[in-house]
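All chains, full assembly: derive it from the sequences and hints.
Protein sequence lines, in the order shown, are assigned to chains A and B.
The opening position of the first sequence corresponds to residue 1 in this note's numbering, with each subsequent residue numbered one higher.
The opening position of the second sequence corresponds to residue 1 in this note's numbering, with each subsequent residue numbered one higher.
Derived by calculation from the structure, the hints in this document are not laboratory data.
Only true hints are included.
When the alpha-carbon atoms are kept at most 30 Å apart in a straight line, the in silico DSS-like pairs for lysine-lysine are as follows:
1) B:K75 to B:K159
2) B:K114 to B:K184
3) B:K75 to A:K182
4) B:K75 to B:K55
5) B:K114 to A:K182
6) A:K318 to B:K114
7) A:K182 to B:K55
8) B:K159 to A:K182
9) B:K114 to B:K159
Each chain, letter by letter, is given below.
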Amino acid sequence: MILRRPFFWLVLLASALFVFIPLRSNNVLLREDLILVAVAIILASNLNLMIGYTGYVNFGNIIFFGLGGYVGLYLATVRGWNLMLAAVVAGVAVSLFALLFGLAILRLRGAYFALATIGVLEAVQAFVSNFNPWGRATGMYVSFSAYQPLGGAMRALWITYYLIIAVMALSLILSLAIKNSKFGLGLFAIREDEDAAVVLGVNATVYKAIIYSVSAFLPAIAGTLMFYKNGMIDPSIAFELTLSIEAIVMLMLGGQGTVMGAALGGGLYETLRSYLLTSPKLSSFHLVIAGGLLLLVVLFAPGGLIGWLYRLAPRARKVIE
Amino acid sequence: MNSILEVRGVTKRFGGLVAVSDVSFSLAEGEILGLIGPNGAGKTTLFNIVNGVYKADQGTITFSGRDITGHSPDKVVHLGVARTHQIVKPLNDLTLLDNVTVGACFGREYLDLKAARAAAAEVLQQVGLGNRAHMMARSLTIAGKKRLEVARALAAQPKLLLLDEVLAGLNPTEIALMIELVRKIRDSGVSVFMIEHLMQAIMSLSDRIVVLNLGRKLAEGRPDEVVHNPDVVEAYLGFPDIVDKLTRTD
Chain A
1 MILRRPFFWL VLLASALFVF IPLRSNNVLL REDLILVAVA IILASNLNLM IGYTGYVNFG
61 NIIFFGLGGY VGLYLATVRG WNLMLAAVVA GVAVSLFALL FGLAILRLRG AYFALATIGV
121 LEAVQAFVSN FNPWGRATGM YVSFSAYQPL GGAMRALWIT YYLIIAVMAL SLILSLAIKN
181 SKFGLGLFAI REDEDAAVVL GVNATVYKAI IYSVSAFLPA IAGTLMFYKN GMIDPSIAFE
241 LTLSIEAIVM LMLGGQGTVM GAALGGGLYE TLRSYLLTSP KLSSFHLVIA GGLLLLVVLF
301 APGGLIGWLY RLAPRARKVI E
Chain B
1 MNSILEVRGV TKRFGGLVAV SDVSFSLAEG EILGLIGPNG AGKTTLFNIV NGVYKADQGT
61 ITFSGRDITG HSPDKVVHLG VARTHQIVKP LNDLTLLDNV TVGACFGREY LDLKAARAAA
121 AEVLQQVGLG NRAHMMARSL TIAGKKRLEV ARALAAQPKL LLLDEVLAGL NPTEIALMIE
181 LVRKIRDSGV SVFMIEHLMQ AIMSLSDRIV VLNLGRKLAE GRPDEVVHNP DVVEAYLGFP
241 DIVDKLTRTD
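Below is the structure:
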């Protein structure tokens with residue numbers, strides 16, 4: 001049972017802190033920092049389902065976030081839907097999209113799969129840039145009145161913040177639940193040796209398509225919430241390849257294949273990135289540093305921070321998952 | 001006796017190379033059938049056709065009266081045919097217990113995780129890896145990895161087990177233990193189809209032997225019949241006098 005796992009309670013505790021700390025001090029700046037950290041954790045931990053659990057490197061992971069933003073924003077602003085409903089429908093729609101694409105491109109393995117995901121990203125971006133209902137290259141804006149149903153812009157920002165924290169908690173719990181399930185064991189078998197997994201009875205084609213689709217759901221919801229909060233979306237910010245790669249850096253830094261690794265990597269990297277972006281001297285260097293970091297991790301600590309911890313203290317595996 | 005596996009007229013080509021050519025035989029329930037032949041004879045290819053890794057270009061495979069020609073490997077396992085690999089394929093970064101649990105989870109019974117773990121622990125005991133259940137698979141010796149292959153296949157609770165050179169690379173003590181294990185498996189009601197190069201072992205284990213050479217079936221029969229078959233002696237054993245050495249009982 002997942003309720004018996006210490007890590008489950010750790011996730012709930014951390015999420016509660018995310019909610020209460022900015023609320024008590026009414027610190028809007030802190031809230032804005034934490035929202036970015038939460039989004040980073042959402043992206044890294046859902047990407048972990050593909051890279052860390054299944055062994056498939058998805059360079060196009062950001063399309064789930066971007067497409068979710070587009071579908072949700074379209075429903076919430078143009079169609080006037082309730083925000084939460086729009087977000088969930090966006091999640092479902094993007095998952096279905098991922099399922100269809102997954103069945104096609106998951107026949108490829110290794111580097112070929114990774115290349116195909118970049119292709120999908122470019123194709124989606126090109127499509128959206130020319131799609132009239134979504135405002136083509138200029139994108140869509142959220143008019144000020146669209147925040148009225150949530151009680152005005154000020155309250156809407158707090159509400160989207162709580163919702164994003166909830167999505168973060170769900171992402172980590174989902175990762176934890178999959179890790180401790182039969183489905184997860186099947187994914188791990190595919191990661192270690194897909195041919196062996198199939199011979200042992202794992203239906204790899206179906207498993208891979210399902211996890212690809214599942215890994216799209218929560219990022220798409222987060223996309224709706226985040227772009228709604230930001231008030232605008234356009235193809236170049238929604239489908240930025242750099243962000244996909246940064247999500248990979250976060251995951252590798254924290255430790256792929258572990259729930260904690262994705263959370264830790266997401267949190268640390270985003271904090272570092274915010275610092276670099278706002279520091280006057282280093283602001284244009286953050287990608288250089290991200291690249292260097294990835295290189296160091298891959299060369300010297302392929303298991304990331306958590307992998308390193310596991311090596312130091314093997315018993316940590318039982319508590320920190 | 002009922003036959004559990006029927007292979008009829010199976011042919012497999014890779015480009016211009018005919019790896020398996022019009023091979024037919026059957027395997028009776030509860031039997032240990034040996035498959036021998038020189039390197040490149042098509043033995044492993046035949047295994048790959050039986051368990052669905054390759055699709056046969058011609059011919060049919062029938063398992064327990066059911067046509068399984070062209071079924072994918074995961075489907076074939078659910079029906080009750082498990083196999084080991086000649087070149088071992090451990091799931092390196094998983095523990096032995098998890099490796100075997102995969103076999104139990106997705107095998108014939110499709111057990112849930114908890115039941116599968118219990119079954120896996122039992123199978124690990126059975127193959128003598130019980131005390132290493134929580135080790136990572138990558139840290140095993142080659143003999144250990146061969147046992148792990150057998151354990152994973154057994155955990156699927158198969159009715160038919162395909163063993164691809166489980167004795168190769170083992171030392172004499174390990175070989176004796178493995179032979180013992182194969183006998184036990186058969187005695188528990190599982191039919192066994194095994195590829196082996198080690199003649200003495202396969203002669204003593206098998207009820208019958210099929211000989212492949214250059215993709216064709218050269219001979220089939222009881223071990224003593226097969227080794228005295230002049231074609232087999234020429235193609236496989238090389239020297240006629242080796243037969244006396246192999247059939248000598250000591």
